[in-house]
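Novice: Could you slot chain B onto chain A? The hints should help.
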Amino acid sequence: MLVSQVERMREHVACPRCGAALHVRKPDSIARTWAFLLAAIVLYIPANLLTMTSAHTLFGDQEDTIMSGVVYLWTAGSWPLAVIVFVASIMVPMLKIMALVFLLLSVKMRSAWQPMQRTRLYRLIELVGRWSMLDIFVIAFLVALVQLRALATIKAGPAAACFGAVVVLTMCATLSFDPRLIWDPVEDDHG
Amino acid sequence: MPTGAILACHECDLLQHEVRLAPGGVARCHRCGAQLYRSRPHELDRVPAYTLGAFILYVVSNAFPIVGLSINGEVVQATLLGAVRGIYADGDWLVALLVLVTAVIAPFVQMIAMTWLVLLLRMGRVPKVCEGLSCARLCPALGHGGGAHDWRDGGLGQTCPHGRGGARDCAVVPGRFDAAAGRCRGGFRPALPVVEGK
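Those sequence lines, one after another, are chains A and B.
First residue of the first sequence? That's 1 in the numbering used here, and the numbers climb one at a time after it.
First residue of the second sequence? That's 1 in the numbering used here, and the numbers climb one at a time after it.
This is chain A alone, in the form it adopts within the complex:
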């Protein structure tokens, strides 16, 4: 149908010629994406610095951040697990944030560089989005399982909530980003 270049269009608008309903682009896409993204970046710091799990056993207490967990797994010899946790919990959220910043900046500069590849990048971020939530589920079950035994307890630390917030916020940022913006400069070039 028609392409609406009108921003901040909130109500249903009809085509001035044929009366067909017009589609609205995602409203305030860039501002909203930045807002979610900045919040995610801020929370990414405590998610990595604060304790993710704290275990209380007969042999003493142990508090773990994500990174110390990775190091523990690595030194304990289960390096495949260490790699999985490192990739899923540290690298993927960071790469996601960096990719979104890159997309936002390229759109802001009205870059016409490789729009297809940038669209692919956006689709990839969208696809990866919900899978980061797996970490939270793992912690949830760990806590529930170990809690049932008297010998030891594991509690989720403040980093768990921060990490969950990072995942949700980057998902919101991805959703509010409008990939159409990537293609606008291309259209202007071709006139």
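Derived by calculation from the structure, the hints in this document are not laboratory data.
Note that the Cβ used here is the ideal one computed from N, Cα and C, for glycine as well.
Hints may be right or wrong, so weigh each one.
To spell it out: a stretch of chain B is covered by chain A in this simulated footprint if at least three of its residues, at any positions, have a beta carbon under 8 Å from a beta carbon of chain A; those stretches are [unchecked claim]: (1) 7-15; (2) 81-92; (3) 95-108.
Example chain B residues on the side facing chain A (calculated, C-beta under 7 Å, incomplete) [as the list claims (entries may be wrong)]: (4) C32; (5) L69; (6) G73; (7) V75; (8) I112.
Specialist: Frame of chain A; chain B shown alone:
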């Protein structure tokens, strides 16, 4: 074969002719490759079948433990809701809420929404979210097939026995429309989407 309607790709906004698809076909954006729409036979049978299957597994996955731990013959198990309750009891209500919403509530809402959508379509009604879809895209889903109706291709007069007149070939692009000249700057030549499938 173009139906006369023009549509914009929902990912890159390239304007394209709407073409009618053979059953099983997929129309992709000419420029960015996004799926524009598809024609799947028996879609209204397929969706409830998958939804029903999902619902049965949903009940099972919530009623039975998901993980178990066995130490010295002692077995501990946790269900989905048990895990949520455990975290909540720890005082970490934010994480508990996150797990509850993403693992328990969201799939349920999705199943209800799919059922509602299919029920409405089955009753021959067009839900609000589907309004604006033209016959070429809606009728295959409704099981009316594509091509059996009284189509008048090209321009203003597509008619459909189900009352779904598609968008008309309207060559106005707001923002580029030059009112004085009565046409769009830079011309207006919609592309043809890439059609895949049978």
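Novice: Work down the list of hints and note, for each, if the structure agrees.
Specialist: Structure-based check of all given hints:
1. By the rule of at least three residues with a Cβ nearer than 8 Å to a Cβ of chain A, the coverage given for the region 7-15 of chain B holds, with 8 such residues.
2. Taking a C-beta to C-beta cut-off of 8 Å, the region 81-92 of chain B contributes 9 residues in contact with chain A, enough for the three needed, and the coverage statement holds.
3. Beta-carbon proximity to chain A at under 8 Å applies to 6 residues in the region 95-108 of chain B; the threshold of 3 is reached and the given coverage holds.
4. For the restraint placing C32(B) at the interface with chain A, the shortest Cβ-Cβ distance is roughly 5 Å, inside the 7 Å limit, so the hint holds.
5. The restraint placing L69(B) at the interface with chain A holds, with a minimum CB-CB distance near 5 Å, inside the 7 Å limit.
6. For G73(B), the interface hint is violated, the least distance from its beta-carbon to any beta-carbon of chain A being 13 Å, above 7 Å.
7. Given the 7 Å rule on beta carbons, the hint for V75(B) is violated: about 10 Å separates it from the nearest Cβ of chain A.
8. Taken as an interface hint, I112(B) does not check out: its beta carbon lies about 19 Å from the nearest beta carbon of chain A, beyond 7 Å.
In this structure, the earlier hints numbered 6, 7, 8 are contradicted, and the remaining ones agree with it.
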